[in-house]
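**Student:** Take these sequences, add in the hints, and give me the full structure.
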Amino acid sequence: MNRKAQEELVGFVLIVVLVSIIFVVILGLLIRKPTSSSENLEVSQFLESMVRYTTKCALGYEPNYVSIGELLGQCYDAKTCTSGKKACDVLKEELDNVIGSSWLISEEGYYSGYELEVVYAHGTESESIVEVSGGTCNSFRGADTFLEHSGGVITSTLKICTKS
Amino acid sequence: MKIQEMAFVLVAIMIFFGLVVMLYISIRLPALQRSAQELSQNEASELVKKLASSPEFAFTVRECPNCVDMDKALALKSLNEYKTFWGLDYLRIEKVYPAEGGECGTNYPDCQSITIIDKENFGIPPTAFVALCRQASENGEFYPKCEIGRIYASQEAGQ
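Here the protein sequences come in this chain order: A and B. Position 145, counted from 1, in the first sequence is what the numbering used here calls 145; the numbers after and before it change by one each time, with no gaps. Position 91, counted from 1, in the second sequence is what the numbering used here calls 91; the numbers after and before it change by one each time, with no gaps.
What the hints contain is simulated information worked out from the structure, not anything from laboratory work. Treat the hints loosely; a few may be bogus.
As the list claims (entries may be wrong) - Label-pair restraints from in silico Cβ distances:
hint, chain 1, residue 1, chain 2, residue 2, range
1, B, P98, A, V19, 30 to 40 Å
2, B, T84, A, T80, 43 to 53 Å
3, A, I26, B, T60, 50 to 60 Å
4, A, V153, B, K119, 20 to 30 Å
5, B, L32, A, V19, 23 to 33 Å
6, B, I3, A, A5, 14 to 24 Å
7, B, E63, A, V153, 12 to 22 Å
8, A, V16, B, K49, 46 to 56 Å
9, A, E107, B, D110, 48 to 58 Å
10, A, S128, B, A12, 56 to 66 Å
11, A, F146, B, E46, 16 to 26 Å
12, B, T84, A, K86, 44 to 54 Å
13, A, V19, B, E120, 53 to 63 Å
As the list claims (entries may be wrong) - Pairs of lysine to any residue residues, derived as SDA-like cross-links and limited to a Cα-Cα distance of at most 25 Å, are as follows:
hint, chain 1, residue 1, chain 2, residue 2
14, B, K119, B, R28
15, B, K50, A, L147
16, A, K92, B, K72
17, B, K49, A, T145
18, B, K72, A, E48
19, A, K56, B, D110
20, B, K72, B, G140
21, B, K95, A, Y110
22, A, K92, A, D144
23, A, K159, B, R34
24, B, K95, A, G60
25, B, K50, A, G142
26, A, K159, B, L39
27, A, K159, B, S35
28, A, K56, B, S35
29, A, K56, B, Q112
30, A, K79, B, N107
31, A, K85, B, E141
32, B, K119, B, L74
33, B, K119, B, N107
34, A, K79, A, Y110
35, B, K145, A, V51
36, A, K163, B, L23
37, B, K83, B, D118
38, B, K72, B, Y143
39, A, K86, A, E62
40, A, K159, B, N42
Remember, predicted model here, so these are calculated numbers, not experimental data. For glycine and all other residues, C-beta sits at the position ideal for the given N, C-alpha and C.
**Tutor:** Printed below as a string of structure tokens:
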């Protein structure tokens, strides 16, 4: 093999390697994109409906049962329900049941897990109210909902996880 | 010899671009399917918002957008005038949580679903989450009780 043919071969190999690297980078970017899913309409609708759900926690007298949205504020204020249970304990229990049952979350199902984080923000300060999660999370669909409470804002962020 | 080499290079370039196009299509296709699904979801959402805010379904005991009054829905089930009112092939309200019982009738409110319109050949109806509210009573006192549900609504073909 003469010297010119050798040079051509090296050039060809270099081009192939370069093109392969570019492909791998593009593929990596395209595949990674769906895992950080932004606002999802279905999850957003669910969150809006969920904050209206009437809980088993009554405040002051029965049947003054509060919704999940109101219970988030009561949990932040460390209130107690007429049953004697703490608002935060009832809230966690209700959230687990509502999310798990509505999305049919299971290891075998399409939806494999969920993560809910509720934060109260007033001015520049913010404080976590409750965090609940279940199952496993690879990729997700997420949404936020905002509620006013005592001059601040309660932000609930829900991620519904799928296997793929 | 030179022409032969050029022909080989041209064929190689064609194959290369063919592969690139195939790769692009295979990557874009799922994204297109996702977009179609999102559009269908948006359509369902708009339809459900329209239905939930209509006087026939709206829960007016307290301010509650996206809330469906189950008492009204049950009453609508038996009214034949509403079978063609919204131009729908299928309209069903289903309680998702807590799930209990079957189709609502004399067993209301301990039931799971209210089918208002059920024509033939409606396909797979789009769906959206809603809050299902009603006036419940305890100790002789009424209070608004909301649960989580879904509306399934399919528009008539050609609409």
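**Student:** For a C-alpha distance cap of 25 Å, please report whether K72(B) and G140(B) respect it.
**Tutor:** holds, 21 Å
**Student:** Taking 25 Å as the top limit, are the C-alpha atoms of K159(A) and S35(B) close enough?
**Tutor:** Given that 25 Å is the threshold and the Cα spacing comes to 20 Å, the pair holds.
**Student:** Would you check the hint for K95(B) and G60(A), treating anything up to 25 Å between C-alpha atoms as holding?
**Tutor:** violated, 29 Å
**Student:** Does the Cβ pair I26(A), T60(B) satisfy 50 to 60 Å?
**Tutor:** Holds - the Cβ-Cβ distance for I26(A) and T60(B), about 54 Å, lies within 50 to 60 Å.
**Student:** Compare the distance between the alpha carbons of K50(B) and L147(A) with 25 Å, and conclude whether the hinted pair is satisfied.
**Tutor:** holds, 23 Å
**Student:** Are the Cα atoms of K56(A) and S35(B) separated by 25 Å or less?
**Tutor:** Violated - the C-alpha atoms of S35(B) and K56(A) are around 39 Å apart, more than 25 Å.
**Student:** Cβ-Cβ distance between T84(B) and T80(A): within 43 to 53 Å?
**Tutor:** holds, 52 Å
**Student:** Please check whether F146(A) and E46(B) have a Cβ separation lying inside 16 to 26 Å.
**Tutor:** holds, 22 Å
**Student:** Is the hinted pair K95(B) and Y110(A) satisfied, with a Cα-Cα distance of at most 25 Å?
**Tutor:** holds, 20 Å
**Student:** Between K49(B) and T145(A), is the straight-line Cα distance small enough, at 25 Å or below?
**Tutor:** At roughly 17 Å apart (the allowed maximum being 25 Å), T145(A) and K49(B) satisfy the hint.
**Student:** Check the following: the C-beta atoms of L32(B) and V19(A) are separated by a distance inside 23 to 33 Å.
**Tutor:** 26 Å Cβ-Cβ, so the 23 to 33 Å window holds.
**Student:** Between V16(A) and K49(B), does the beta-carbon spacing fit 46 to 56 Å?
**Tutor:** Given range 46 to 56 Å: holds, Cβ gap about 54 Å.
In this structure, the hints that do not hold are numbers 1, 4, 9, 14, 16, 24, 28, 30, 34, in rising order.
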